[in-house]
Amino acid sequence: MRKHLLTAAAVPVLALALAAGGSQARAEGELHIYNWGNYTNPELIEKFEKQYDVEVTLDDYDSNEMMLAKIKGGATGYDIVVPGDYMVAIMVEEGLLQEINASEMENYEHLDPKWQDVYWDPGHKYSVPWQWGTTAFTVDTAVYDGEINTLALMFDPPEELKGRINMLNDMNDVINAGLRYLGHPRCNDNKEQLKELNDLLLSAKQHWRTMDYGTIEKLTSGDVDLSQNWNGAAMRARMQRPTLQYAYPKEGFTGWMDNVAVLKDAPNLENAKLFVNFVMDPENAALISNFARYANGIKGSEQYMDPEMVEAPEIIMPADAPAPEFVPPCDQQVVDLYNRIWTNLKK
Amino acid sequence: MAADTQALASPSPAGAPRETERLRRAKAALAREKRRNRLLLLAPALVTIGCVGLLPLTVILVYSFLEPGTYGGVNWVFSGEAYVQFLFERDLFEETLSFNPAYLEIFGRSLLLALGATFGALLVGFPTAYFIATRPPGTRNLWLFLITLPFWTNLLIRTYAMMLILRDEGVINIALMEVGVISEPMILIYTDGAVLLGLVYSYLPFMVLPIYAALEKLDFRLVEAAYDLYATRFRVLRHVILPVAKPGIVAGCILVFIPGLGAYITPQLLGGGKSLMIGNMIWQQFGASRNWPFGSASALILMAIVMIALLIYVRYAGRKRAHG
Numbered sequence: 001m002r003k004h005l006l007t008a009a010a011v012p013v014l015a016l017a018l019a020a021g022g023s024q025a026r027a028e029g030e031l032h033i034y035n036w037g038n039y040t041n042p043e044l045i046e047k048f049e050k051q052y053d054v055e056v057t058l059d060d061y062d063s064n065e066m067m068l069a070k071i072k073g074g075a076t077g078y079d080i081v082v083p084g085d086y087m088v089a090i091m092v093e094e095g096l097l098q099e100i101n102a103s104e105m106e107n108y109e110h111l112d113p114k115w116q117d118v119y120w121d122p123g124h125k126y127s128v129p130w131q132w133g134t135t136a137f138t139v140d141t142a143v144y145d146g147e148i149n150t151l152a153l154m155f156d157p158p159e160e161l162k163g164r165i166n167m168l169n170d171m172n173d174v175i176n177a178g179l180r181y182l183g184h185p186r187c188n189d190n191k192e193q194l195k196e197l198n199d200l201l202l203s204a205k206q207h208w209r210t211m212d213y214g215t216i217e218k219l220t221s222g223d224v225d226l227s228q229n230w231n232g233a234a235m236r237a238r239m240q241r242p243t244l245q246y247a248y249p250k251e252g253f254t255g256w257m258d259n260v261a262v263l264k265d266a267p268n269l270e271n272a273k274l275f276v277n278f279v280m281d282p283e284n285a286a287l288i289s290n291f292a293r294y295a296n297g298i299k300g301s302e303q304y305m306d307p308e309m310v311e312a313p314e315i316i317m318p319a320d321a322p323a324p325e326f327v328p329p330c331d332q333q334v335v336d337l338y339n340r341i342w343t344n345l346k347k
Numbered sequence: 001m002a003a004d005t006q007a008l009a010s011p012s013p014a015g016a017p018r019e020t021e022r023l024r025r026a027k028a029a030l031a032r033e034k035r036r037n038r039l040l041l042l043a044p045a046l047v048t049i050g051c052v053g054l055l056p057l058t059v060i061l062v063y064s065f066l067e068p069g070t071y072g073g074v075n076w077v078f079s080g081e082a083y084v085q086f087l088f089e090r091d092l093f094e095e096t097l098s099f100n101p102a103y104l105e106i107f108g109r110s111l112l113l114a115l116g117a118t119f120g121a122l123l124v125g126f127p128t129a130y131f132i133a134t135r136p137p138g139t140r141n142l143w144l145f146l147i148t149l150p151f152w153t154n155l156l157i158r159t160y161a162m163m164l165i166l167r168d169e170g171v172i173n174i175a176l177m178e179v180g181v182i183s184e185p186m187i188l189i190y191t192d193g194a195v196l197l198g199l200v201y202s203y204l205p206f207m208v209l210p211i212y213a214a215l216e217k218l219d220f221r222l223v224e225a226a227y228d229l230y231a232t233r234f235r236v237l238r239h240v241i242l243p244v245a246k247p248g249i250v251a252g253c254i255l256v257f258i259p260g261l262g263a264y265i266t267p268q269l270l271g272g273g274k275s276l277m278i279g280n281m282i283w284q285q286f287g288a289s290r291n292w293p294f295g296s297a298s299a300l301i302l303m304a305i306v307m308i309a310l311l312i313y314v315r316y317a318g319r320k321r322a323h324g
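From first to last, the protein sequence lines stand for chains A and B. All residue numbers for the first sequence refer to this note's numbering, where the first residue is 1 and numbers rise by one. All residue numbers for the second sequence refer to this note's numbering, where the first residue is 1 and numbers rise by one.
Any given hint could turn out to be false.
Said to hold, decoys possible - With a straight-line cut-off of 16 Å between C-alpha atoms, the simulated EDC-like cross-links for lysine to aspartate or glutamate are: (1) A:72 to A:93; (2) A:191 to A:336; (3) B:274 to A:170; (4) A:191 to B:89; (5) A:347 to B:89; (6) A:264 to A:99; (7) A:347 to B:192; (8) A:47 to A:283; (9) A:347 to B:105.
Treat the hints as calculated values from the structure; they're not laboratory data.
Please construct the entire structure, taking both the sequences and the accompanying hints into account.
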């Protein structure tokens, strides 16, 4: 009896295995993508699978550093990663990326000229843009109706915003914003200037309510009226609380770009290259943006994007806003100093 | 056994040496087999302890004595810097050491919060356990079931539910404003009090269950007898109930204190993330701070503190038992 049961169970399992094996045999190959969580449009993956007859698997991570730690561990089996700008520079330096000469690919002509020369990958030897955005802040204009394009709202807030502020729980984002407010350079190891920064952060902290990554929820729940924020998250928060406005502070703000790159020793190198070329197609780039709500670096993708994205003030920067600053990775000595300031701030 | 060894040691009559020699060998073979069997039987436990306990711990220990790599990871150069950094800060230009209490303060706050949570859980948990233990036997299981019910939900979700209750536009504030008790929302969430409440709520069953298990054994006729002998309520509690409940109380305190010390989600969500806890601090060393050796050293120091606390308890409990 038991034996019969076992056979009965085995048949469908076998059939499933055969079916799976069969479909794998039909597909010409595989591609393993390692990307940020909740960042990849399933439609994009489906389209790629159909077009090239490739089976795609997708894994996700939640920070550049965690991704780096895993890749450095070796033998991950991934072909594609999507590191942030400074992380591309680090991974190239550490010899973790495969040279693919993206600039010679067929769809490279669609890349917006303003992204053709970037510090983290001159000449696009290793990577192409996935999405880019800015890190500034969102403020409720119903609560505060003054001039919003200044970092003073975070570091020397007006009465109505005191105790109503959320900062990102991120060492670099908070310290870089402070340095901009003081007018000091980034990746700073000047003791005098860092002392000034330390005092500024400590005095501003009493007016901050929280330090957290969950910016959308903090704003829409009414816990805070101002939050340091990324532009895509700002847009999603505004849809639920229409009086919110994304600021472009005159002191400057951070720009960032995530990039599609191929890992050294990628098991499916040819498919990975196909994918890199694939995401530079304007129609496909629009699919990426429609899902995660950030801009891509591809010309002509606007015509395929959702109309509310094309007009969003979080995506389209005003003409008089300063250019977003892309901050390179700092020396270990600077990181150590930052780390002390950060620990002191949060002790 | 002692007689045997004596016989072996003392000079024997002629002819006997061969006999005793064979006996000795047979005994030795038997002992060897016994040892081997014991080792084989122990093997699964030893392998488990070695692979999931000692091996990772050794990695952490080794890493804590290395130099941090440029972008995370380690360089294979010996260094005790991670432990120095815990108490002192090195001036980067003058190479002088000065005392820096920042990390100690983080540990101190975590310790205080864990102690507070333990105390709070005891304050709520003891009466609860007593209440359950005094119900008729048939209904006790229902009460126990109700205590463990929240555990069926993920901790993260329970903590979010707590946020919905405490926040400015949350259940408490809205209700009080509707009734007209207050006109402005009270500041409840993102305070140390909220963290404490969250910790007590999360770990309460760990306190209730062991105390209940101890009180269940209490013969309540003893309580009646004490009252008959004109004991006050306080004296009954102190001399009759507490001695029985004590092992449960100690076990409950340990079970709440240790996870409370390493708590990560609750302080982050209910405290607003403005202050680092031990858990968050260690995590950060492996991320943006790029200092794996210091993260490893901090984890070991935390473990040492917990172990010392447990050792003190074991010694204390052992002495008590010796006194009878």
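- [ ] Verify the proposed pairing of residue 347 of chain A with residue 192 of chain B, using a straight-line Cα cut of 16 Å.
- [x] 14 Å, holds
Task: Given hint residue 336 of chain A paired with residue 191 of chain A - CA-CA distance at most 16 Å - done: At roughly 12 Å apart (the allowed maximum being 16 Å), residue 336 of chain A and residue 191 of chain A satisfy the hint.
TODO: For the pair we were handed, residue 347 of chain A and residue 105 of chain B, check the Cα-Cα distance against 16 Å.
DONE: Holds - the C-alpha atoms of residue 105 of chain B and residue 347 of chain A are around 6 Å apart, at most 16 Å.
Open item on the list: For residue 72 of chain A and residue 93 of chain A, compute the direct alpha-carbon distance and say whether it is at most 16 Å.
Closed with: Roughly 13 Å between the alpha carbons, so the hint for residue 72 of chain A and residue 93 of chain A holds.
Task: Hint consistency between residue 47 of chain A and residue 283 of chain A [alpha-carbon to alpha-carbon, up to 16 Å] - done: It holds: about 11 Å lies between the C-alpha atoms, which stays within 16 Å.
Task: Pairwise hint evaluation, residue 170 of chain A against residue 274 of chain B, where the allowed Cα distance is 16 Å at most - done: With a Cα-Cα distance of about 11 Å, the restraint between residue 274 of chain B and residue 170 of chain A holds, given a limit of 16 Å.
Task: Pairwise hint evaluation, residue 99 of chain A against residue 264 of chain A, where the allowed Cα distance is 16 Å at most - done: Distance ~8 Å between residue 264 of chain A and residue 99 of chain A Cα, so the pair holds.
- [ ] For the pair we were handed, residue 347 of chain A and residue 89 of chain B, check the Cα-Cα distance against 16 Å.
- [x] 15 Å, holds
Task: Given pair status - residue 89 of chain B, residue 191 of chain A, alpha carbons within 16 Å - done: 14 Å, holds
Consistency note: the structure conflicts with none of the earlier hints.
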